[in-house]
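Construct the entire structure; sequences and hints are all you get.
First to last, the protein sequences are chains C and D.
The opening position of the first sequence corresponds to residue 1 in UniProt numbering, with each subsequent residue numbered one higher.
The opening position of the second sequence corresponds to residue 1 in UniProt numbering, with each subsequent residue numbered one higher.
FYI, nobody ran anything at the bench for these hints, they're computed from the structure.
There is no bait here: all hints are sound.
Interface residues of chain D toward chain C, partial, derived using beta-carbon atoms under 8 Å:
hint : residue
1    : ARG38
2    : GLY39
3    : ARG114
4    : ARG161
5    : THR170
6    : ALA194
7    : ALA200
8    : LEU205
9    : THR207
10   : LEU210
From chain C, some residues computed to sit far from chain D (all C-beta separations above 12 Å):
hint : residue
11   : GLN17
12   : ASP43
13   : GLU61
14   : LEU74
15   : ALA80
16   : PRO81
17   : ILE85
18   : GLN88
19   : GLU90
20   : LEU109
21   : VAL145
Pulled from the structure, derived: some chain D residues nowhere near chain C, Cβ distances all over 10 Å:
hint : residue
22   : GLN17
23   : LYS22
24   : ARG23
25   : LEU25
26   : GLU30
27   : GLN44
28   : LEU51
29   : GLU65
30   : GLN73
31   : LEU79
32   : ALA80
33   : LEU82
34   : GLY89
35   : ASP93
36   : MET105
37   : CYS150
By construction, the Cβ of each residue, glycine as well, lies at the ideal position given by its N, Cα and C atoms.
2 protein chains.
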Amino acid sequence: MPQSPAAQAGRKSSRIQVRNRKRILEAALEVFSTHGYRGATLDQIAAEAGLSKPNILYYFEGKEEIHVTLLNQLLDAWLAPLRAIDPQGEPLDELMGYVHRKLEMSRDLPRESRLFANEILQGAPRMVPHLDSVLKPLVDQTAAVIEGWCVQGKLAPVDPRHLLFSIWATTQHYADFEAQVGVLMGEVDVHTGAAAHLEALFRRLLTPGLIVENS
Amino acid sequence: MPQSPAAQAGRKSSRIQVRNRKRILEAALEVFSTHGYRGATLDQIAAEAGLSKPNILYYFEGKEEIHVTLLNQLLDAWLAPLRAIDPQGEPLDELMGYVHRKLEMSRDLPRESRLFANEILQGAPRMVPHLDSVLKPLVDQTAAVIEGWCVQGKLAPVDPRHLLFSIWATTQHYADFEAQVGVLMGEVDVHTGAAAHLEALFRRLLTPGLIVENS
DNA sequence: GTCTATACCTCGATAGAC
DNA sequence: GTCTATCGAGGTATAGAC
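Encoded structure:
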């Protein structure tokens, strides 16, 4: 009597099982990110994955488990640039590097961005525990580092958390609101313009000792 | 044979009809903004409005018409601060005033913010025509004004459209991602801190002639 | 492991009494 | 104008053959 892979926690999986789970999650990312949790259907995911609907449910207990698995699995990669900030590095370089890496992620991984945006926008019903246990400690830690840089005078005084919000908001905007950006910018190279703009925006904010030029 | 109010285009409406349509739209704003279009149900809207489900459908042709009506009706109020930018005013004051008005709208009208965010995030299927006919001309016009200010040296050189994106993204972030902001900031006064942060962020970007202090 | 068939439910919309 | 009752589509999930 074969047990569903969804139920067998620690058991070893065959290559085909691993491959199918991957295909399902890839398809689910595509569908959930464009239609939201409620708007996505198992039919769409099955079609996208090239499997039958019952076969999907052989690998996952249900729609919700697919979604939660996806969120938790992608959060690590999504937060990698934040973890990569080096407390020993040059403060301005570290933060500007973070801005540009986040912007590149919006360009290269827009589906991930929209997946999280959809979830948080609706109150993060399936992610609050994870936000609390994973994101919050990481942000607290990073905030302390930035705070230290400010005290040392390596950065202009800034509230670390609001700074992070601004970086997230401005960079992810290009992925999350792409429909609107597309209408307003037409066919121009959005990414290059955005990179230059955000470079100016955050460098001016963070550079210590800026004053108005005497004329 | 009574005709549904939904069908009678130009006919005069009774006071009770006006009131009920208002109650339905108010309820719909609450429900659509927290669950998205697909996640919202007529049952929820009916319960929120204190009416029965068929009664809702006496006033509107269907779920979609309620949503479209809501979007088109609220877009005007939502864009008011942008229209309020005065080409004759002091450039820096006009733009900083816009930033603060947008931030106050995120605090006072978070449901409107999330309603639009949900819609645009999923490709704005029911709003692209309106974005094109209403938002785009307004943005083009405002961009020209800002461009002029830059040429006159009243502002630091800046791409007007990316500037607007940054203002929208940073201010609306506090409404759209409130669930995440709440987890990361706890019970502190978010609005006051955000206002101070955005004041610094955009004033530094836009002030002409900033240089690094000689020490 | 994967399929067809189907049970069962939720939801949008309608019928028809009042 | 508003209600109860209900239809039919579409959705998640399961049964059971292969």
